[in-house]
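Protein chains in written order, with my numbering: chain Z, 1 to 395; chain X, 396 to 874.
Hints in this document: simulated from the structure, not taken from any laboratory. What you are looking at is a predicted structure, and each value in this text was computed from that prediction instead of being measured. Every residue gets a Cβ at the ideal spot worked out from N, C-alpha and C, and that includes glycine. Fair warning: there could be bad hints in the mix.
Within a straight-line C-alpha distance of at most 20 Å, the following computed SDA-like cross-link-like pairs (lysine to any residue) qualify [said to hold, decoys possible]: (1) X:Lys-789 x Z:Ala-253; (2) X:Lys-760 x Z:Pro-252; (3) X:Lys-760 x Z:Phe-247.
Computed, partial: chain X to chain Z, Cβ under 8 Å [as the list claims (entries may be wrong)]: (4) Ser-741; (5) Val-753; (6) Tyr-757.
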Amino acid sequence: MGNKGIRDKVAIIGCDASKFGEQWDKSQYDLLFEASHGAFKDAGITKDEIEAAWVGIFYYFTGMSGATVEDILRLDGIPITRTENYCASGMDAFRNACFGVASGVYDVVLACGVEKLMDEGSSGLPGFKIFGHPVFPLPSAPAMFSLAATRCFHEFGWTREDLARVAVKNHDNGSYHPKAHFKRKISIEQAMKAPMIADPLGRFDCCAMSDGAAALILTTPELAESYAHADDYVVVKANAISTRTNFPWYVPANGPGADFTSFPSTVKAAKMAYKEAGITNPRQEIDAAEVHDCFTITELINDQDLQFCERGQAAEELKNGTFNWDGETAVNPSGGLKSFGHPIGSTGCRMLQEITKQLQGRAEGRQVPDAKIGLCHNLGGAFSVASVTVLGQRD
Amino acid sequence: MIGIKSYGAYLPKYLMPRELIARAWDFPSVPGNKAVASIDEDSLTMSVEAGLDCLSGIDPKSIDGLFFASTTQVYTEKDSASFIATVLDMRTDIITTDFTDSLKAGTSALARAVDTIKANPDVKSILIIAADTREAEPATMWEYGYADGAAALLVTEGEDLPIIIDDYYSVSANVTGPWKRTKEDKFIRTFEVKMDARFYIENVTKVMSEIMKRNNLTPENVDIAAYYYNNPRLHSRVSKMMKFGQGVAQNGLFFQVGDTGTSMPFMLLISALKRPKEGAKIILAGFGDGADAILMHLQDRKAVRELSKNHMGIAGHQKSMIQLRNYNVFIENRQLLEKDRFVRKSSAVTLWRDTDAVYKMYGLKCTNCGTIQYPTNARSCVVCRADDQLERVKLNLKGTIFTYTLDHLVGGTYLDTPIPRCVIDLDGGGRVLLNMTEIEKPEDNVKIGMNVELTFRRIHEGGEFKNYYYKCRPPRGRQ
Numbered sequence: 001m002g003n004k005g006i007r008d009k010v011a012i013i014g015c016d017a018s019k020f021g022e023q024w025d026k027s028q029y030d031l032l033f034e035a036s037h038g039a040f041k042d043a044g045i046t047k048d049e050i051e052a053a054w055v056g057i058f059y060y061f062t063g064m065s066g067a068t069v070e071d072i073l074r075l076d077g078i079p080i081t082r083t084e085n086y087c088a089s090g091m092d093a094f095r096n097a098c099f100g101v102a103s104g105v106y107d108v109v110l111a112c113g114v115e116k117l118m119d120e121g122s123s124g125l126p127g128f129k130i131f132g133h134p135v136f137p138l139p140s141a142p143a144m145f146s147l148a149a150t151r152c153f154h155e156f157g158w159t160r161e162d163l164a165r166v167a168v169k170n171h172d173n174g175s176y177h178p179k180a181h182f183k184r185k186i187s188i189e190q191a192m193k194a195p196m197i198a199d200p201l202g203r204f205d206c207c208a209m210s211d212g213a214a215a216l217i218l219t220t221p222e223l224a225e226s227y228a229h230a231d232d233y234v235v236v237k238a239n240a241i242s243t244r245t246n247f248p249w250y251v252p253a254n255g256p257g258a259d260f261t262s263f264p265s266t267v268k269a270a271k272m273a274y275k276e277a278g279i280t281n282p283r284q285e286i287d288a289a290e291v292h293d294c295f296t297i298t299e300l301i302n303d304q305d306l307q308f309c310e311r312g313q314a315a316e317e318l319k320n321g322t323f324n325w326d327g328e329t330a331v332n333p334s335g336g337l338k339s340f341g342h343p344i345g346s347t348g349c350r351m352l353q354e355i356t357k358q359l360q361g362r363a364e365g366r367q368v369p370d371a372k373i374g375l376c377h378n379l380g381g382a383f384s385v386a387s388v389t390v391l392g393q394r395d
Numbered sequence: 396m397i398g399i400k401s402y403g404a405y406l407p408k409y410l411m412p413r414e415l416i417a418r419a420w421d422f423p424s425v426p427g428n429k430a431v432a433s434i435d436e437d438s439l440t441m442s443v444e445a446g447l448d449c450l451s452g453i454d455p456k457s458i459d460g461l462f463f464a465s466t467t468q469v470y471t472e473k474d475s476a477s478f479i480a481t482v483l484d485m486r487t488d489i490i491t492t493d494f495t496d497s498l499k500a501g502t503s504a505l506a507r508a509v510d511t512i513k514a515n516p517d518v519k520s521i522l523i524i525a526a527d528t529r530e531a532e533p534a535t536m537w538e539y540g541y542a543d544g545a546a547a548l549l550v551t552e553g554e555d556l557p558i559i560i561d562d563y564y565s566v567s568a569n570v571t572g573p574w575k576r577t578k579e580d581k582f583i584r585t586f587e588v589k590m591d592a593r594f595y596i597e598n599v600t601k602v603m604s605e606i607m608k609r610n611n612l613t614p615e616n617v618d619i620a621a622y623y624y625n626n627p628r629l630h631s632r633v634s635k636m637m638k639f640g641q642g643v644a645q646n647g648l649f650f651q652v653g654d655t656g657t658s659m660p661f662m663l664l665i666s667a668l669k670r671p672k673e674g675a676k677i678i679l680a681g682f683g684d685g686a687d688a689i690l691m692h693l694q695d696r697k698a699v700r701e702l703s704k705n706h707m708g709i710a711g712h713q714k715s716m717i718q719l720r721n722y723n724v725f726i727e728n729r730q731l732l733e734k735d736r737f738v739r740k741s742s743a744v745t746l747w748r749d750t751d752a753v754y755k756m757y758g759l760k761c762t763n764c765g766t767i768q769y770p771t772n773a774r775s776c777v778v779c780r781a782d783d784q785l786e787r788v789k790l791n792l793k794g795t796i797f798t799y800t801l802d803h804l805v806g807g808t809y810l811d812t813p814i815p816r817c818v819i820d821l822d823g824g825g826r827v828l829l830n831m832t833e834i835e836k837p838e839d840n841v842k843i844g845m846n847v848e849l850t851f852r853r854i855h856e857g858g859e860f861k862n863y864y865y866k867c868r869p870p871r872g873r874q
């Protein structure tokens, strides 16, 4: 591979996130300011040390272009780029920031994400009128993922109760996290009795609309030695994105992803990331994973696509405790999107700062015991974009 | 000789029991049902259905013209005939004309089709489609009558046609009503119902008597009289005045499906052809500001039998019609309540460019790996990734559900939720995503592996024009 790839070339030296939730009294200015200055403080730097920034924003009403960040942070004219890649926008901002450091162009950069969804009202993702074809059906996000749920029920015999267990586990984890949107534990019965959103997904199978921001400060491992987290900075072991069609429902039966029981973007991104990170047995080697549980069905499929368990076994493994915070592979120990909601552009960065803190032994919610290797996974669009990042402790 | 080669019809899925209207307004009850279009239907979509039924087993590219007849065309300064011809995948070197503004537009279009075929050596066949979705003012007696539906006749030149057209004759009359002012009226108006009835009886009897006289026919010689009516009592008065024998005047449809407007004479004819008699003499008559009569005879009984076997016609649709459970569904289907409705953005240019995919249901076939795929805008195969080796192919309008969801988050029309959104493997190849329409209790009735038919529907009115596309439905039996 020569000098190719990102492994061991980038270090996370500071990170933070805002509180997530219905933040009626705060704008994107407050949210990103708080997350970014939290990260500056964590890294022990001032904003003047940032040489370039990337920001994940999905919706135009949160802000267009890097100028949104400039208006919030006043970084005095440094290069700032907005990245948009559906729900992976945040992790793609991080990926581009990694390139900025790994290429040697910059020493210290900011990767951040912010989204202010609640200002548009709380009944489902807004803005679907603004893009897409005039007459082809445009399913709501829950409907897209329900297409997979229906098929998994058919293929694997999963049930709504299996889905409810994902919600119960994640809300349980989230109840310990001070920054979570929802901090109440729920029961299987509660989850199953909730109103339908897109059959077979009910309200507790869906993550909520939410506001939030997260930020990370990156540099090289060599330079990291001279910052505040010199002893426990976190290293990027791999970072991969795979992009597939916007329209999985048009992929004919013999095409990639046509079975609707696996997301080929995740499978490919995981394969690339594991190869780069040198991971051969993800179930054993990954201690803590923040995966994209936009819907309960998504988490179960992710568990399989990320090779935490065999195909068709995710529901059973979850039932057996494999994915509990103290299980074999802790999945969403923070509480995931189920507990935090999904302010689109910020979610990837929130996951990354969460796993960074897990590997540093300072998780704000449930601390996964002895976490050394962590994984973050974003899935966006109609399973169109998947981003997988592997993080590890410094040598 | 010129005659009728094929026929087709369309009746919407739902019947409004007249009892529901009576109960809604505390009116005296009237027996029977009337056919009512769904929220996603109009005269254009129903015409596509009737056209597909008529052209079952016939190459649409072999037809030289399309005449559309309606009083409820969806546009003015834009015709419907050319749009329908596009959706039916007909050629572009054809004649297309709308016949509008009078309830006799259907029979007039038929007569003019015969004229055209006689006069123009380039035109040997014309598809005539009549359709109406007339709006009755709620809480008036008109609500009992006005119904929705479409019917199609394929008129061609030829020797061995099932039905031969022998003669046609028209009268014109400036009647006192009904009418609908172009700008001011949402509903049909009239001044004096008794005068309307007088015009109806005078014109219909006059036009039928005259065509019989011209052809030396006595009432005993007439086997089928299919003439428009909107009132069963007036219908039987005409029959008595004409001295038609028992069962000659076709009178069943008003009670079963209501007054379907321009398409009604065609529907009465199609219904009557279920019991074909060799050599039967048929009079078809339409009324509205005058009247048309068309004289035909049944030339080939076996061929007519075949027609009724291979086309849904009226009876084929009636089998799958069900009654509305409440009047409110009808109110919402007609959007008679003012409320905010979700409107998508649109682009007339995008839709025009995607005509093959959106209107004609074409897909692509990869010449490298053979995979059939949808829609038509791709340049690179979704399976083998070969570039620019995709050729357009017509896809089947039937398929099987691969997966689905019942979406409760559909903007605006909360009445209809959940909307089934179905990933469908079309018979013969191609996978599409379509919403399902006209499904009862989707929670129980939508399943993986379920067979569906595609149906052309109005989707929304974004961009201030009609946006049409396909939906799927549980099979109604279209071939």
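Status of the hint placing X:Tyr-757 at chain Z (closest C-beta pair under 8 Å): 13 Å, violated
Interface hint status, X:Val-753 versus chain Z (Cβ within 8 Å): 6 Å, holds
When you check the alpha-carbon spacing of X:Lys-760 and Z:Pro-252, does it fall within 20 Å? 11 Å, holds
Does the alpha-carbon distance linking X:Lys-789 and Z:Ala-253 stay inside the 20 Å limit? Distance of about 18 Å is within 20 Å: holds.
Does the structure keep X:Lys-760 and Z:Phe-247 at a Cα separation of 20 Å or less? Holds, because 18 Å separates the two Cα atoms, which is no more than 20 Å.
For the restraint on X:Ser-741, tell me whether the closest CB of chain Z is nearer than 8 Å. 4 Å, holds
Hint violations for this structure: number 6 only, all remaining hints satisfied.
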